[in-house]
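Number of protein chains: 2
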Amino acid sequence: MENFSFHNPTRIEFGTHTEQHIGQHLARHGVRKVLLCYGSERIKRDGLFAQVLASLAEHDIAHVEFGGIVSNPVISSVREAIGLARSSGVDAVLAVGGGSVLDSAKAIAAGVCHPGDVWELFIGQAPIETALPVFDILTLAATGSEMNSGAVVTNEATREKFAINSPHLFPRVSVINPALMQTVSRDYLVYSAADIIAHSIEGYFTARVQPRFHSRLVEAIIHTVMESTEILLADPANYAARAEFAWAATQALNGLVYAGTSGYSYPNHMIEHSLSALHNVPHGAGLSVVIPAWMKWYQQHNPTQFERFAKQVFGRQSAAEGITALEQWFDRIGTPTRLSQLGIGAAELPALLENVLGNARYFGVADIYTRDVAQHILSSAL
Amino acid sequence: MENFSFHNPTRIEFGTHTEQHIGQHLARHGVRKVLLCYGSERIKRDGLFAQVLASLAEHDIAHVEFGGIVSNPVISSVREAIGLARSSGVDAVLAVGGGSVLDSAKAIAAGVCHPGDVWELFIGQAPIETALPVFDILTLAATGSEMNSGAVVTNEATREKFAINSPHLFPRVSVINPALMQTVSRDYLVYSAADIIAHSIEGYFTARVQPRFHSRLVEAIIHTVMESTEILLADPANYAARAEFAWAATQALNGLVYAGTSGYSYPNHMIEHSLSALHNVPHGAGLSVVIPAWMKWYQQHNPTQFERFAKQVFGRQSAAEGITALEQWFDRIGTPTRLSQLGIGAAELPALLENVLGNARYFGVADIYTRDVAQHILSSAL
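Just so you know, the sequences run in chain order A and B. Each residue of the first sequence is one higher than the last, beginning at 1 in my numbering. Each residue of the second sequence is one higher than the last, beginning at 1 in my numbering.
In short, the hints are calculated from the structure, not lab data. Possibly wrong hints are sitting among the right ones.
Chain copies aren't distinguished; within one or between two, either way the pair holds.
To be verified - Here are the simulated lysine to aspartate or glutamate pairs, DMTMM-like style, with alpha carbons at most 25 Å apart:
id, residue 1, residue 2
1, LYS311, GLU321
2, LYS311, GLU227
3, LYS311, GLU230
4, LYS44, GLU227
5, LYS296, GLU41
6, LYS311, ASP235
In isolation and in its complexed conformation, chain A is listed as follows (with noise of 0.2 Å):
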């Protein structure tokens, strides 16, 4: 195992009926005023949205709504939320939906920090010195962006899906409330499911150091993201196969599966960022087609811990099994395994491309996902 630094602050509250206490959380970290983000107007009709009003208002906590964040978050909405946050002087921001708000309130909580652009602190141009605090009341289980320290938000301008990453972006709480994430339609369950797995996987199969526990963790998750969809795809209102599938999302980005790993790599995020920059799918559904093809290409380097997956996980004998038996499994849920699936053609394989490379040096790893290479796994994903 390599050496490592583990520490994770968030404060979860799991469980239902506890965003009916987010004004006592907020005002035990001495909040007086917040940055309400939301997506949709949804959340006004369904009566979440006057339940968290309720809860603020007891606690006498002011709020300045700031809603319309879309999946794949863009920049300029950060940038505008900013400009509300300083004007109304907040002093926290609280994300009241799924990961892309979520992230969007990251971006927000240290873009207010930030004397400059906050686009300055995706591309390294400077540090995040400090951040308003974040909390989130959650609505879909995908991204585990409710217990870790990063957001990934896109540049519209030059078609960049970036991250960033800071201590000081640790939500403070984040509120899961698995009933509240009934409602999530049948498409963004699987798609969800398939950013679930992507998660556990990049580390698992990249690692230069996989100790056997995280591989046992990572399996334990992936099994009960595959046992809980299933289940929710019969049952959608089955509550208990909802709080797996919420605090499987949570266990798979949290850091848990890469303490003390090393030598990993994003490769299928790396790639679908492209996908979603370029063509604004649903991450998940891009995740799903860049998986299969990522692994038939990938599985050459790793081939014992790609033998490990197909049997611990599928019960299968070799590598090729395991990557067809995933694969099938996507196809059986319903979420896309091919480009075209995603109206994705030849014709947009050179743009895809370029965007590919540049993310390649973006990670850092442009010596491994070469143009041979990334052309490859995009054409073999056709």
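Assemble chain B onto chain A, guided by the hints.
Below, chain B without anything else, positioned relative to chain A:
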């Protein structure tokens, strides 16, 4: 899954040479003078003590020594240390040792801030309002105390081995260098394996609500402990196995395998605490005796989970085969499975029984562990 809060603020610094930076961690937390707690004088012979002092000196941190803490630490020693901490005006407690030293450090940290006698905190006569910050350099992986908020201490006068628990007792920084554990004796290695397995299976078998992810996580921990123990018995200097063992120990009792479960209890610890309170046996050795006897009796209460254990951990079909396999594994690694191996015979049972019944009241499970049940489990362990 049950509703839960999860918040574990301990920073883990894991790996080789990490102990050399202890002064830096203390300085970051503003510590100026520390009570340095340890057990035997061995750390003065093997160079660890000198390294710690050098790191403290480098950061101008003064220290007061408190050595001689024994396994199954006693409250008289904690009281003595509290006096020393007060008279010398330390502002933090640093444990250098295993679970006994760390648990003592936590009791000292809480006791210094409590105006009454420290044992009042153990018997619920007073709450833990605050505590000095606790830091540690772990030299034995077993108890999980390095990443949780509990501590167990024995009152020699009353023969009670009781616990405290408070969010104030999470170590601020825990330094885990598996290389420091390479000199742990063969006996303490196998006792520790039993302790870690006990931590993970208490909830696994007793929880009324036991999520599937949690079962899988427990199985991942047990597989890792068994595998790394076997490697270490053959090759004590194997760093990778030592690291896997240590990290599994931390994961077994840092709250993760219990978050979202409900109705669990710690019957094996409850019974074992009587063994070590009355006969001062090593905690893990007592546990490996209690576990098989307890399992044979308890399996009727949760047959499905016992079958799962048999299958997932040992590849066996029936609950009984799983229990036998664990007992045989304990025998094979050389940790005791009978009271007689601990020098405890039938003549000692009556006093043991009374102590267990007292613990059952303290643990709130007197309705399950009646005189007849406790007598049955103890007798079957002879």
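Compare the structure with the hints numbered earlier in the document and write down the numbers of the violated ones, lowest to highest. 4, 5 and 6
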